[in-house]
Amino acid sequence: MTQSTNAKDKAFAIQTYQLTRSFNSLVAVDGIELKIKRGELFALLGPNGAGKTTTINMLCCLLKPTSGTGTIMGYDINKQAFKIKEIIGVSPQETSISEHLNTQENLDLIGRIHNIDARELKRRSQELLEAMGLTERAKDQVRKFSGGMKRRLSIIMALIHNPEVLFLDEPSLGLDPQARRAIWEYIVNLKGEKTILLTTHYMDEADFLADRVGIMDEGKIVALGTSRELKADMLEKHTMVIDAWNLNQKVIDKMRSKYAEVSVTEGTMLITDSQLDFREIVDLIQSSGATVSSAYIKEPTLDDVFLHITGKGLRE
Amino acid sequence: MRSLSLASRNLKENYRDPLAMGFLLGFPLVFMLLFGAIFSGDATASYPVGVIDDDNTPLSQAFIGEALAEVPTLEVTSYDDADTAKKDLKFGDLKAYIVIPPGFGEQVSRNWQGTETKVTLEMTYDESDVMVSEQLISIINAVARAYARIEIPVTINANPIHIETEITYVDFMGPGIIVFGLLILIPTSARIMVHDKEKGFLSRLLTTPARPVDFILGYSLCLVVIVIAQLAIFMVAAWGLGMDIVGSLWLAFIIFFLTGVGSIGIGMVIASLSKSENQAESLCWLISMPLAMLSGCWFSIEMMPSYLRSIAYAFPYAYTIDASRGVLIRGVGVEAIGSDLLFLVGWVVVIFFIGVMLFRRTMRS
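These protein sequence lines are chains A and B, in that order.
Numbering-wise (this note's numbering), the first sequence opens with residue 1 and increments by one.
Numbering-wise (this note's numbering), the second sequence opens with residue 1 and increments by one.
Among the clues, some could well be false.
[Stated by the list, open to error] Using 25 Å as the maximum straight-line C-alpha spacing, the simulated DSS-like pairs for lysine-lysine come out as follows:
(1) Lys35/A to Lys64/A
(2) Lys144/A to Lys12/B
(3) Lys197/B to Lys144/A
(4) Lys199/B to Lys139/A
(5) Lys64/A to Lys275/B
(6) Lys231/A to Lys35/A
(7) Lys144/A to Lys199/B
(8) Lys122/A to Lys144/A
(9) Lys12/B to Lys139/A
(10) Lys237/A to Lys298/A
(11) Lys79/A to Lys197/B
No wet-lab data here; the hints were simulated from the structure.
Kindly produce the complete structure, drawing on both the sequences and the hints.
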């Protein structure tokens, strides 16, 4: 607890110092160190129970850290909770909207708690509702909404007071692909404007949205970097997939002598090695008398990265 | 002003929910009416009346056997002496008894002969039942006048007496039942906050700059509106069921209102401590049911052992029942219940202070 809480030191929007939280004997978050730059969109990726929500809850001052601390725009989460609450917006995992209030009333409530004046509140809610395609539902009670609409409203509620830092806990959990896309597009538009910390257990979501990804497992950050860096670091080997007719044993043996792993099943050849020369491989196969119908280098996914690091899949 | 925004949200959330509304207003009403149906059952307007004939003349006997016996709303029973009749009046077997004084026969016969003379009857009745006793007086007056053939009213030496059952069941039970209704506010209040907790809405609000006192006030102000509505229902229902209101209705309202606010405070404390609706619910009933018994909602607290009574008097409800009975039944003023009121106010202040402190502690666990 020796870290400075100088509010002027705002190079990093979010910073944690050995942030730890236990529930009885379970260590949910285990000494994580994060530095998230201003305007960055950072995704915490991990399976359910990895400690992502506990991390967010500590940063939003809903949970006390067992040890360690963190700062939001320079304010200490242990000491300056109410300062922090003025500059953050949170969209929790459970959509958490007042069900018998209509869209506008929900926005007004959050706006008034933040002491936003009525005119500004009206302007901002119109703007946000428009952007999220909810303008026509402004007067409808929330309990009639679909999951996707509630999720969009939840994000608007987190933005209504124009916060500097935005926390989105599983923003597309349980939504159909179309609704997910809509949410993603909106989040992409916020990039650079706000510092965003997002949690997800969807690889594609982190891949698509985040500037940087922190992979979390059992309370620890096990890998950290841009999606590209993570894939490159974690998967030194590349895999090339070739579909061809008339593959003969001679060319297969030749490949085996040149590359680490070669397997052939029913006209599909998989070649895996740290270095692959695409041109050379295609030429060699063609000159052996076989005909290549398609060939590509398989891109590693964050799924592969997670599997590689933790030895288990992301989905339960 | 955050608390006002929160209060207005809490009110909307509840009045737009038919189920919540039913619980908040329908339940007390049903409860009150049920209570009324149980305790004020006395549907046939037939009054048992005793007669003691001290005159013992043919005329007095005819008055009993012919005139009184013919009145359909009277069930006339003859008694040998007034003491036996009085005993039956005390036990509620009689609504009143009439003593026909010596000389009654002569008075009547003089009237029959054209000399206008005063006719006197003595009547002793249960004063608590105002409706019944007034009706009885006028019935007997009418019968006696018709019998004596006179224009002038019969002099009835009305003799109301104070007996154990002077106060009817409704009068006595009314304040206790209202207080029981106010005890039910404990689970109601806790439920409103814990519901938001369980649904995660409170978590969202806890990431805003709203302070503990804003939350507690936000919920309480909403509940205060509900208390006022509930009290209106209670008092109208109690009046409709025949509860006599002798003293100031406003003073009674203030006593009940403060008690209701105290219940809200207890609800807030329990809600702050609870993590789920189930937890809060069990805790609330565990507190409100014993309190209802101890405070004397259903029976007189005087017969309880003193250690139980001292537990009862640590909470506002026993004071409320005492004070409201004083105001409603005996018609006492603010000077007589000043200390009760002071206790109620002090209690409300302390319980809300505890509520805010607990909320502050648990808002970030």
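Practice task
Just pull the numbers of the violated hints for me, sorted ascending.
Solution key: none
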